[in-house]
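> Listed below, chain by chain, are the residues.
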Amino acid sequence: MTAPITLSARNLSRRYGQRDIIQNVSLELKRGEVLGLLGHNGAGKSTTLQMLTGILTPHGGEIEICGFDLQRQPDQAKACIGYLPETPPLYREMRVDDFLIFAARLHRVQKKHLHDSLVEAKQHCGLHESGQKIIGTLSKGYQQRVGIAQAIIHHPQVIVLDEPTVGLDPTQIRDIRTLIRKLGDSQSVILSTHLLSEVENICDRVEIMQKGRLIYGDSSVRMQAYGHQPGFVVTLLAPPPLSELQGIIGVEHVEVLSDTRFRIMHTLDTNTSAVLLALAAERGWQAQQLTPIKGNIEDVFTRITENEPI
Amino acid sequence: MIFTIAHKEFRTLFSAPSTWLILGVLQFIFAWFFLARLDAYLQIQTQLAMVANAPGITLSVAAPLFGTLALVLMMLIPLFTMRLLAEERRNQTLALLLAAPISSSQIVIGKFLSLVLFLALIIVCSTAMLFILGLGTHLDFGLLLSNAIGLWLLTASYTALGLYLSALTKQPIVAAMSAIALSFGMWLIDVGSADSGSGLRTLSPSAHAQSMNSGLVVSADLIYFALFITTLLLLTIRRVNNNRLYA
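For the record, the sequence lines run as chains A and B.
If you count by the working numbering, then the first sequence holds residues 1 to 310, one letter each, in order.
If you count by the working numbering, then the second sequence holds residues 1 to 247, one letter each, in order.
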């Protein structure tokens, strides 16, 4: 069974004066999916996200969220979205608790659920001890957490995050990525970033944007394999004859690196490494180490954005 | 939803120490003028006693005080309205409101209501001070009420004006300066053309508060205030909506 589609945008476009800044952008998001919107600065990522959340009205195209049209039924559609803009929208003079309750009420959380939602959102974002603090006194990382808490407090189906890890230290980045991954399992998340490692770590799917257009979209695993043949290097202490390795399903080419190390290239979409490991265990080849050969995601990104004729 | 916005704005107002300071100073100034007026009244009281149909204490002490308060509030209101929308834009918090399932009109009306309630509080406190006069004499409650309502409508108009100017800019201080300049200008029109009876005078909100100041509730004035406030609020709503189209 395929997961239901929570967000779909068709042929979005937007002009700024005479200039088209977004052209024909179509996106689709399923429940349980994290979509990364990747692109250089000024590629139109933020503008696209602002249109998806109803802050900007698209000059063309349609947006549907959880089955509600954003133009015709804005209230129902927006109630399904949680949005963290590039600059977290925080009232610096408010306390964390007060602010989160205000955000929850804005998103129509019922009074009897307010307390539970607040506790849950704070728990998710590691804010349980900061409830009484004034937002303006918090560090940048904690403010970012409050921003995320604000976006998830009403349990939205679609969570839109605009560069959620900018300006955070490595530990905070790790925490927030874990959180996003967790949210992505039950809801849908769409995030924009120019950090390629972020895509590699948390996104299921990638859309690359350049000059207001989507130029590449695929699963994040496939993107890493873009232009590369998938493969791995395996160390077998008691290797079988070469022909036996070549006979494994999906294997296209085996290169002998040393007596015990082999570089095995295989076709896309086959789980050759698992098959090989199972065989190794069964036949006593003493597998010691298996290292996938990954395309450097930076190279891939550069290749994709440069290849595209503009 | 309107209430949620109004409630938040109200709380924000009172979380700032400057609000309390302004409230305190305002009461002090009002009390000072009150004393001065009372003093002046006591000096001419004996002469008044000889005049047939002399004006009562409510008309000669309370009514001018409301006029003074209106002038002070005219200068103060822009300081409160300036941050309502301009600051949201500058701190980029408007995104939270625009992305939430509420309409632009709910945002604008919520913010307007919070300030109008706050002003009602100031007016109620000031009127309560005048009740002290009731200890020594009979008060004309009808006149007090018409004065309070007139002042409230007048300040609501200034609030609507300030709110609209706050929606036009990102800089709160620009919003405040232009609101002060505009309301001061309109007041000057009123004062300057008081004798000539020029048509320009009808444009000024303060001119329309005058009959209520003397206890006369004229429906034309009420309609003027309703139109003035509604027009400016509609313009503000339009302006907030335009954020979605042209920002």
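Worth flagging that the hints you see were computed from the coordinates, not collected in a lab.
Model, not experiment: these values are computed from the prediction.
C-beta atoms are modelled at their ideal positions from N, C-alpha and C, and glycine is treated no differently.
Among these hints, one or two may not hold up.
Some but not every residue of chain A turned toward chain B, in silico, with C-beta under 7 Å [to be verified]:
(1) T53
(2) E93
(3) A280
Incomplete in silico selection of chain B near chain A, CB under 7 Å [as the list claims (entries may be wrong)]:
(4) K8
(5) S15
(6) A52
(7) L59
(8) S60
(9) Q92
(10) T93
(11) A95
(12) L98
(13) A100
(14) P101
(15) R244
(16) L245
Taking lysine-lysine and the DSS-like style, the derived pairs with C-alpha atoms no more than 30 Å apart in a straight line are [to be verified]:
(17) K170(B) to K112(A)
(18) K211(A) to K30(A)
(19) K211(A) to K133(A)
(20) K182(A) to K112(A)
(21) K133(A) to K111(A)
(22) K170(B) to K182(A)
(23) K111(A) to K170(B)
> For every hint, state whether the structure bears it out.
The hints, checked one at a time:
Given hint, T53(A) at the interface with chain B, holds; its Cβ is 4 Å from that chain's nearest Cβ, closer than 7 Å. Look at E93(A): its Cβ gets to within about 6 Å of chain B, closer than 7 Å, so that hint holds up. This hint is violated: A280(A) has a C-beta 53 Å from the nearest C-beta of chain B, more than the 7 Å allowed. A distance limit of 7 Å between C-beta atoms decides the matter here; for K8(B) the minimum to chain A is near 5 Å, and the interface restraint holds.
Hint status for S15(B): holds, given a least beta-carbon distance of 6 Å to chain A, under 7 Å. Interface hint status for A52(B): violated, as the beta-carbon distance to the closest one in chain A is roughly 59 Å, over 7 Å. The interface hint given for L59(B) is violated, since its Cβ lies 43 Å from the closest Cβ of chain A, which is over the 7 Å cut-off. Because the beta carbon of S60(B) sits about 44 Å from the nearest beta carbon in chain A, more than 7 Å, this interface hint is broken.
For Q92(B), the shortest C-beta to C-beta distance to chain A is roughly 4 Å, which falls under 7 Å, so the interface hint holds. Annotation: T93(B) was flagged as interfacial toward chain A, and the flag holds, the nearest CB pair being 4 Å apart, inside 7 Å. Proximity of A95(B) to chain A holds as hinted, the smallest CB-CB distance being about 4 Å (cut-off 7 Å). Hint on L98(B) holds. Least Cβ distance to chain A is approximately 5 Å, under the 7 Å limit.
For A100(B), the suggested interface contact is upheld, since its CB lies about 4 Å from the closest CB of chain A, less than 7 Å. The beta carbon of P101(B) comes within 4 Å of a beta carbon in chain A, closer than 7 Å, and the hint placing it at the interface holds. Interface hint at R244(B): satisfied, since its Cβ lies 5 Å from the closest Cβ of chain A, which is below the 7 Å cut-off. Annotation: interface hint on L245(B) holds; nearest CB of chain A at approximately 5 Å, less than 7 Å.
With a C-alpha separation of about 37 Å, the suggested pair K170(B) and K112(A) falls outside the 30 Å cut-off, and the hint is violated. Straight-line distance between C-alpha atoms of K211(A) and K30(A) comes to about 25 Å, which keeps the hinted pair within the 30 Å bound. Note on K211(A) and K133(A): the hinted pairing is violated, with a Cα-Cα distance of about 41 Å set against a maximum of 30 Å. For the proposed pair K182(A) and K112(A), the alpha carbon gap of about 26 Å is at most 30 Å, so the pair holds.
A C-alpha spacing of about 23 Å is found between K133(A) and K111(A), which places the hinted pair at or below 30 Å, so the restraint holds. Distance check on the hinted pair: K170(B) and K182(A) sit about 38 Å apart at the alpha-carbon level, beyond 30 Å; violated. For the given pair, K111(A) sits about 34 Å from K170(B) by alpha-carbon distance, which is inconsistent with the 30 Å threshold.
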